[in-house]
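Construct the entire structure; sequences and hints are all you get.
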Amino acid sequence: MASKGNPKGHAHEANGSAAAPGANAHLHPPARLTGAEILWATLVGEGVDTVFGYPGGAILPAYDALRKFPIRHVLVRHEQGAAHMADGYARASGKVGVAIATSGPGATNLVTGIATAMLDSIPIVCITGNVPSKVLGTDAFQEVDITGVTLPVTKHNFLVSKTEDLAQTLRHAFQIARSGRPGPVLVDITKDAQQGSAVFDFEVAKPRPYRPHPMLRVEESGLAQAAELIRNAKRPVILAGHGVMESGAMEQVRALAERAQIPVALTLLGLGGFPASHPLNLGMMGMHGEAWVNHAIQEADLLIACGMRFDDRVTGKLSEYALKARKIHIEIDPAEINKNVKVDVALVGDLREVLEELLPRIAGRDGSAWLKTIEASKGAVAVRDIKNLPDLGHLYAAHVMHDLWRIAGSDAIVVTDVGQHQMWEAQYFHHGKPRTLITSGGLGAMGFALPAAIGAKFACPDKDVWVIAGDGGFQMTAAELSTIVQEKLKIHIAIINNGYLGMIRQWQEFFYERNYEAAPLVSPDFVKLADAHGIPGRAVRTRAEVAPAVEEARRAPGAFLLNFLVEKEESVYPMIPAGSALHEMIRRPGKRAKDPLEERAED
Amino acid sequence: MLHTFVAYVEDLPGVLTRVASLFRRLNINIHSLTVGRSERPGLSRLTLVCEASGEAGHRIRASLFKLENVVDVDDIAQAPAVTRELALIKVAATPRNRAQIFDLVEVFRARIVDLTSESLMIEMTGVESKIEGLIEVLREDEGRILEICRSGKMTMRRGHHVSSVLRAMGAGDAEEARETQENAVES
Numbered sequence: 001m002a003s004k005g006n007p008k009g010h011a012h013e014a015n016g017s018a019a020a021p022g023a024n025a026h027l028h029p030p031a032r033l034t035g036a037e038i039l040w041a042t043l044v045g046e047g048v049d050t051v052f053g054y055p056g057g058a059i060l061p062a063y064d065a066l067r068k069f070p071i072r073h074v075l076v077r078h079e080q081g082a083a084h085m086a087d088g089y090a091r092a093s094g095k096v097g098v099a100i101a102t103s104g105p106g107a108t109n110l111v112t113g114i115a116t117a118m119l120d121s122i123p124i125v126c127i128t129g130n131v132p133s134k135v136l137g138t139d140a141f142q143e144v145d146i147t148g149v150t151l152p153v154t155k156h157n158f159l160v161s162k163t164e165d166l167a168q169t170l171r172h173a174f175q176i177a178r179s180g181r182p183g184p185v186l187v188d189i190t191k192d193a194q195q196g197s198a199v200f201d202f203e204v205a206k207p208r209p210y211r212p213h214p215m216l217r218v219e220e221s222g223l224a225q226a227a228e229l230i231r232n233a234k235r236p237v238i239l240a241g242h243g244v245m246e247s248g249a250m251e252q253v254r255a256l257a258e259r260a261q262i263p264v265a266l267t268l269l270g271l272g273g274f275p276a277s278h279p280l281n282l283g284m285m286g287m288h289g290e291a292w293v294n295h296a297i298q299e300a301d302l303l304i305a306c307g308m309r310f311d312d313r314v315t316g317k318l319s320e321y322a323l324k325a326r327k328i329h330i331e332i333d334p335a336e337i338n339k340n341v342k343v344d345v346a347l348v349g350d351l352r353e354v355l356e357e358l359l360p361r362i363a364g365r366d367g368s369a370w371l372k373t374i375e376a377s378k379g380a381v382a383v384r385d386i387k388n389l390p391d392l393g394h395l396y397a398a399h400v401m402h403d404l405w406r407i408a409g410s411d412a413i414v415v416t417d418v419g420q421h422q423m424w425e426a427q428y429f430h431h432g433k434p435r436t437l438i439t440s441g442g443l444g445a446m447g448f449a450l451p452a453a454i455g456a457k458f459a460c461p462d463k464d465v466w467v468i469a470g471d472g473g474f475q476m477t478a479a480e481l482s483t484i485v486q487e488k489l490k491i492h493i494a495i496i497n498n499g500y501l502g503m504i505r506q507w508q509e510f511f512y513e514r515n516y517e518a519a520p521l522v523s524p525d526f527v528k529l530a531d532a533h534g535i536p537g538r539a540v541r542t543r544a545e546v547a548p549a550v551e552e553a554r555r556a557p558g559a560f561l562l563n564f565l566v567e568k569e570e571s572v573y574p575m576i577p578a579g580s581a582l583h584e585m586i587r588r589p590g591k592r593a594k595d596p597l598e599e600r601a602e603d
Numbered sequence: 001m002l003h004t005f006v007a008y009v010e011d012l013p014g015v016l017t018r019v020a021s022l023f024r025r026l027n028i029n030i031h032s033l034t035v036g037r038s039e040r041p042g043l044s045r046l047t048l049v050c051e052a053s054g055e056a057g058h059r060i061r062a063s064l065f066k067l068e069n070v071v072d073v074d075d076i077a078q079a080p081a082v083t084r085e086l087a088l089i090k091v092a093a094t095p096r097n098r099a100q101i102f103d104l105v106e107v108f109r110a111r112i113v114d115l116t117s118e119s120l121m122i123e124m125t126g127v128e129s130k131i132e133g134l135i136e137v138l139r140e141d142e143g144r145i146l147e148i149c150r151s152g153k154m155t156m157r158r159g160h161h162v163s164s165v166l167r168a169m170g171a172g173d174a175e176e177a178r179e180t181q182e183n184a185v186e187s
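Chains A and B supply the protein sequences, listed in that same order. Take the first sequence: its letter number 506 is residue 506 in the numbering used here, and every next letter is one higher. Take the second sequence: its letter number 28 is residue 28 in the numbering used here, and every next letter is one higher.
Note that these hints are calculated values from the structure, not bench results. Note that beta-carbon positions come from the ideal geometry of N, C-alpha and C, so glycine has one too. Any given hint could turn out to be false.
Claimed, not checked - Simulated pairs of lysine-lysine, BS3-like, Cα-Cα distance not exceeding 25 Å:
no.	chain 1	residue 1	chain 2	residue 2
1	A	95	B	66
2	B	66	A	206
3	A	463	A	433
4	A	490	A	95
5	B	66	A	342
What the hints assert, rightly or not - Which residues of chain B face chain A? A few of them, derived with a C-beta cut under 7 Å, are:
no.	residue
6	25
7	62
8	65
Next comes the structure, spelled out in structure tokens:
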């Protein structure tokens, strides 16, 4: 996948839209600028108009120069929020998100957000100030070796100590962030490099042409073999991951599925890449995927993995994963091939390009027998589904998700936190469009939702943005409510409040003999908390109140918070215990059992 | 099995950390790592030997390529290659018992590069097994070895030779080539 942006075009746009007359003088190359000016001028050239940050001593020269450039700076309340906002911005827009922090604690506070972006392959550029180059390595005030700290959680990072290296390094950082398998890049800039001056020429600072990973390989024989496997498969399943959206292969995956009548199972990050309403959509696979999805995977004779990496939450116990299936893996990162699951055909390249090459070899195919088998396997499960339960006065999170989805619709962007509510959202909010679900998958970073939603709102100001968070995760980054107010953002917040760290409680219920150690959680009255910020809100206790409350939030002129007081000890079903095989799932309790019933998929 | 990777990396601060960090992350111990300038300006060449499963080679090479500063990676595996290691060995030796060492050095085709009244230093280049052979013999005399400094393996693929050429290139070299290949097969 080549770099997506057209920096030259962006540069011209940015030049044309600068606010103050004369501001553009800095951008007309070649000019002699300070490092701080070069920083912003390069960002403008790369198409950046919004950054998320927090000032501090070592980055103050950059902040001083900011007023001369057409960039909106969003002041966060904690640098973790800045990194998550940049991440949410990138996920919602497909562009590179930018976070800024000072040296030392500012930089270390970014780390969770950087790791989140790393695990989910999100293109962000984090810029940190550092102490002057003369005192690097002396434990100067607020000095931290942030390139050392972030080395394992960045795609790459740079330390810039010379003003003349700044523009080229920044442009290189953007190239790395968005090329190939995207990821976070950190650029650490010493204070003297910001204060010094150098000749700035955006064009001259252009990085060398992007070199794709040398082990990308899509061979004629592999394509032919893949086509042959698809032609002969009786029980094929497409596994669609995050790569479908990253490479923009939605149409191609759909064409493959429709032409060969192959059902599509999605990873958590893949949700939205294939419409939930499509008859071939099976739903989410893995630990909290529906039984028929995982059952279909276990019974399949061919898996076509598209832009996914066989994560442990998806495969369960590897030694028992899809043993009957041949496997085709289409993936842009050669290091993912045969990492967890041994595959028969590896097509290592950009998903869209590979599918474009593969599709002409795929003929129409009758898949009805297999599709009928899967349909039949849904059986009674759908009936037992909680969303079909009559209203008995209890408020279930599943109800909230279901009703939210019906009202907010498939255009809304939903940003979830991590835990039970995240899984309920994935199960009951049916995403029809790409980039409408933003969630921390690989890292599972609690506290992600609120700041990531702020980033998403800046990326898509015209879309409805919903935060869905648990009472635990919300409190981790609740300080960003002030950011919402300061930036006058209309963001809807739904807290799924069950008084527990719910997923912890669930694991303790299932696997630790209901020893609810450190799971009960006292929270503030979230409606009052919102009120303290000037954000209106409402508590919701019954199902009948859900729809009116959601409508009220949507009608509100600004942000609105809904505190859903849901059943305290509800669990996410079905569930595959960690380390178990896909067919060893804990199913929804039936009428006979009060305790979770261990059933086999064949039941 | 033992894997040998040869890589060209940018000659910049921190690059070695990135390479080493990759192996640390994969929980793979590095047996040896040699780095030096190469024929390509601005690029260092390294030879890295590590113990990992047979299938790990592909992933390690792919992961090395993902490092921004890594320009080229070769997994030598079992390809015909010349591998050498340099060792400096300081042994206790007085004028009275030097002669025995001189003989040993002769047999192993090593060199004496420093000589004092209490010690001498042996320089030896060769495949790992040959260096270990010399060390073993020297150890037979307890307390004789004072210091050992080994460079770790350096490996270079052979050119495209037919086997008759390999034979014609001389017994010593051919012998070492055989050893190299045997080592590769063993591991």
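Quick rundown of the hints versus the structure:
1. The suggested pairing of residue 95 (chain A) with residue 66 (chain B) holds, with an alpha-carbon distance near 21 Å, which does not exceed 25 Å.
2. Distance hint between residue 66 (chain B) and residue 206 (chain A) is fulfilled; the C-alpha atoms sit about 21 Å from each other, no more than 25 Å.
3. Annotation: proposed proximity of residue 463 (chain A) to residue 433 (chain A) holds, straight-line Cα distance about 13 Å (limit 25 Å).
4. Distance check on the hinted pair: residue 490 (chain A) and residue 95 (chain A) sit about 22 Å apart at the alpha-carbon level, within 25 Å; holds.
5. For the hint pairing residue 66 (chain B) with residue 342 (chain A), the CA-to-CA distance comes to about 21 Å; that is within 25 Å, so the pair holds.
6. Because the smallest distance between the Cβ of residue 25 (chain B) and any Cβ of chain A comes to about 6 Å, under 7 Å, the interface hint for this residue holds.
7. The beta carbon of residue 62 (chain B) comes within 4 Å of a beta carbon in chain A, closer than 7 Å, and the hint placing it at the interface holds.
8. Below 7 Å, beta-carbon pairs count as interface contacts, and residue 65 (chain B) has one with chain A at about 6 Å; its hint therefore holds.
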